[in-house]
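Please model the entire structure based on the sequences and the hints provided.
Residue numbers (the working numbering), protein chains in the order written: chain A, 1 to 372; chain B, 373 to 615.
Simulated from the structure, these hints should not be mistaken for laboratory data. Certain hints may be false.
[Said to hold, decoys possible] A short, non-exhaustive set of chain B residues, derived as facing chain A with CB atoms under 8 Å: (1) TYR465; (2) GLU472; (3) SER558.
All values derive from a computational prediction rather than experimental measurement. The beta carbon of each residue, even a glycine, is placed where N, CA and C say it ideally should be.
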Amino acid sequence: MKKILYILQKEFTQIFRDKTMLPMIFGVPIIQLVVLVHAATLEMKSIDMYVIDKDLSSLSTKLVNKFEGSPFYTISGKSFSITEANKEIENNKADVILHIPYGFERDLIREKSSEIQLQIDGINGTAASLINAYSTSVISDFNKDIVVELTQMPQLAKIEPIAIQTSYWYNPELNYKTYMLPGILVILVSIISLFMTAMNIVREKEMGTIEQINVTPIRKHEFIIGKLVPFMIIALFELAFGLTIGKLFFHIPIVGNVGLLFGFTLVYLLVVLSLGLLISTLASTQQQVMFISFFFMLVFILMSGIFTPTESMPLWAQKVNIINPFYYFMRVIRMILLKGSEFWDISREFFSLLIYGTLMLGLAVWRYRKVA
Amino acid sequence: MLKQTENIIEVKNLVKKFGDFVANDNLTFDVKQGEIFGFLGANGAGKTTALKILSGLSFPTSGIVQVAGFDVYREREKVKKNIGYMSQKFSLYEDLTVKENIRFYGGIYGLSGKYIKEKTEDLLKRLKMENIKDSLIKSLPLGWKQKIAFSVAIFHNPKIVFLDEPTGGVDPITRRDFWELIYEASDSGITVFVTTHYMDEAEYCDRVCIMDQGRIEAMDTPALLKNQYNAKNMDEVFIQIAR
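Written out as structure tokens, the structure is:
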């Protein structure tokens, strides 16, 4: 036990003596939270629309004005040439082409129906479907307006066979920040713990000091506890620090029990720190650590559900997520913070990670050799 | 100085293979308690490999190795309580001070805080390094680092200390200084097992063992070896053997 304290003392001395450590611990979370929460948004606020209005009638102008009046659209250009319009899309100057054919107004009045075309840049699927959804709602709004105008029966406007009242629970305004911030906290806590643990131990390998430790009668578990605990403490501190920033600057709701969140994080850290330890037993240089941990982190982050809901992933991907620790934490942090989930709501994730962590730690300890 | 005749290291038919490469080919030797035992050889002769096996850092492929009365294979942890080790690769933490390094290594050997404190002061006084006790290791010259590393290796009063080319890269005067420390340790009863490729250092040993391509080619006191090979110094002995 006393030996562990000596290791802890040494680790903390080294960590705080490292000039890059303090900026990392305090600077990285601030920058990541402030920049990413604002930048990684799925809302579309400036859709560039190119207009081909071959009709140039009062109704077609009305439709165009409707788009122009929306805060989400900017009319980036107008012409009668389809080639010109396509070029704009190719050059990334426009996201969508609104094509109103000749005879649009005439058909509407005579035949009570007409067609227009939306041509959306599909490079980014998510953006494309958002543009489609936004545009459809603008057009259906326009539809309602002209029904009144064309039939001269204002009462028709009020007829809505089924009134849909949508309300979004736990995030009533669908505030993207509320959703993103906990996700970014997950990444932050994970990177700090996984990466730093692995780097720290491999640095001792590179320096040769690990050999000096291996020749002492220190027990494996004493050394490992001494190595993992500092990063566990730093990771928990990062979580607290990040939550404070979130609360103060982004006003994210903290509905659930913070103690429960920290308890869960502790179990989560067991998995991630063990993974870091395992990586350090596989790698012999810091460069190798970088490659191996980037591989894991990239896969884990992208599959964790931070940007895209895991439920919409293919079944095999959902199965793979069983071994993705980020996935559990991503779910649980949002559940606790936004929904106020209790222990029993997250008990499945809790016990899964507990078993996972125990196995990982076992594997890492087994892999860690004092003797070659 | 009274040399005891009890064996503190006993090695019988030690073999270490890395795949097809035989790094240690059937080594058999004993080291007596209190001796300064030199392990000589060119680079790649297998000195470091043997030393790592003796200090419990590496498993032998076959053979019997007993250190301080314990089997290195089965009683490794007991062996480790009784040995000190200093490698050619640097073993102190560059970003810790002299005092912090001593405290850390003392601590993980399970020494008490009070003992560490007292002995550290005593040690720094003897090394005349009191004024640099709070300097980072990385700011010190190589020769000083080596002295501190050696002092740290014997801080817990081991029965044996293993030194792997401890004086690589420093000038002859600093090397001489370093050997003074080795003699001091030896006088206090610590058995010293040292590998080196400096033949002048071989002269300082009580007994030397010359290795070539994984095998022991000669083993005796420097005086007897010089006599046997009709050589002026150990350098000539070595060259005759290695040819």
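Q | Violated hints, by number in ascending order, as checked against the structure | A | Those not satisfied come down to hint 3.
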